[in-house]
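J.: Starting from the given sequences, assemble the full structure and let the hints guide the process.
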Amino acid sequence: MQTKEDNILKEKSKRLYWPELDGVRFFAFLLVFVHHHPLFMEVPVLKYFYEYGWIGVDLFFVLSAYLFTRLLLVEYERTNTISFKKFYTRRIFRLWPLYYVFVFIVVLLFLYSNDFDVSRYLWIRIAGLLTFTDNIITAFAGFNPLTITSHLWTIGYEEQFYVLIPLIIFFLANRPAKSRWAMLIGIYALCSIIRLAMILQEVPHPGLWVLPVTHFESMLLGVVIGFGGADFILGRIKPEVTGIIGIVFFGLIMLLPNLDVISGWLILSYSFVGVSTAMVFYAVLHSEVLKRFFSKELFVFLGKRSYGLYVFHLAGNSLAFGLVEVMGIPQAHQNGVSFLFSLMITILLSVVSYQYIEKPFLILKRKFEVVVTRPI
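If you're matching positions, the sequence shown starts at 1 in full-length UniProt numbering and goes up one per residue.
Worth flagging that the hints you see were computed from the coordinates, not collected in a lab. Keep in mind that a hint or two might mislead.
Unchecked claim - Computed cross-link-like contacts, BS3-like style, restricted to lysine-lysine with a CA-CA straight-line distance of at most 27 angstroms:
| id | residue 1 | residue 2 |
| --- | --- | --- |
| 1 | Lys86 | Lys367 |
| 2 | Lys291 | Lys359 |
| 3 | Lys296 | Lys85 |
| 4 | Lys238 | Lys296 |
| 5 | Lys365 | Lys47 |
| 6 | Lys291 | Lys238 |
T.: This is the structure:
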């Protein structure tokens, strides 16, 4: 007869979880945080992290694509099918509660401050936030002007990816390896053609940046790594060397014009971003040294709360800037103090959010798991 402890050990042995990837999540957030705060704007060398910290978004993308590819493949291997209903239900429980609480509060405050008298354009932007289509609207109309929501296009982007990923994995899992890679190469070629056409049409930034069909390398390479497609090449190289090569590509990106400069260089920029994030991510998966570093308790703790960190960080910036003004901090020190205040506020909000908004739904989400994932 199995005891409760035996069942717990059995569950853990089947758990699909890499704690080091939570650490990666936290550092991906840090890159985005630095990108959205002016502290390093004029600091030599460090200013490049301010200008190019958006690469943290791609690190999130490659990580998400890998995790869902592995999760769905394991589900398929164990059950010979993929439950689309359970997958979509899990995604709803994970993303919607915090997202809608945040959006509703921001929208209500915005409407109240404007006496509910806003333009038709702003109502469209609000509708985009509520329907996870803000990235599509952003592609044609620029980033959302509603206070502290301009970063939420990524949530819409990922939601669109989540709609497709179980269908893609189910389809590819049934195919021979050669057919599978031919299809992935075909997707890459098609998306590359669409992006090239938009570059030739000089579609302004952020048109390419916010659409899955034109900003696709990181997601696509995450799927490739999840299927084991990178092992043939990268498996022959020491993972630490792979990580260094990925960082070198990051350095090359910094030598190219930034993404808001519409030119042929964007073909290299987007490709290098995908290669850089994929190689760094692959290195973390396979290097014992990097696993130990990114698995540190603090990094894992904060990484588990990275969704809240990401959602709240612009609000943290706004509150921190207001605090330094009220406190009369000298101009020369405002950026440094506000950076620390913003980070502390953002972490506090994410911890509270995780405990009281996200966690109850994560517990419900467990009922729809086919493969046991990370502990709550």
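J.: For each hint, tell me whether it holds in the structure or not.
T.: Hints versus structure:
{"no.": "1", "hint": "Lys86 - Lys367", "verdict": "9 angstroms, holds"}
{"no.": "2", "hint": "Lys291 - Lys359", "verdict": "26 angstroms, holds"}
{"no.": "3", "hint": "Lys296 - Lys85", "verdict": "35 angstroms, violated"}
{"no.": "4", "hint": "Lys238 - Lys296", "verdict": "22 angstroms, holds"}
{"no.": "5", "hint": "Lys365 - Lys47", "verdict": "41 angstroms, violated"}
{"no.": "6", "hint": "Lys291 - Lys238", "verdict": "14 angstroms, holds"}
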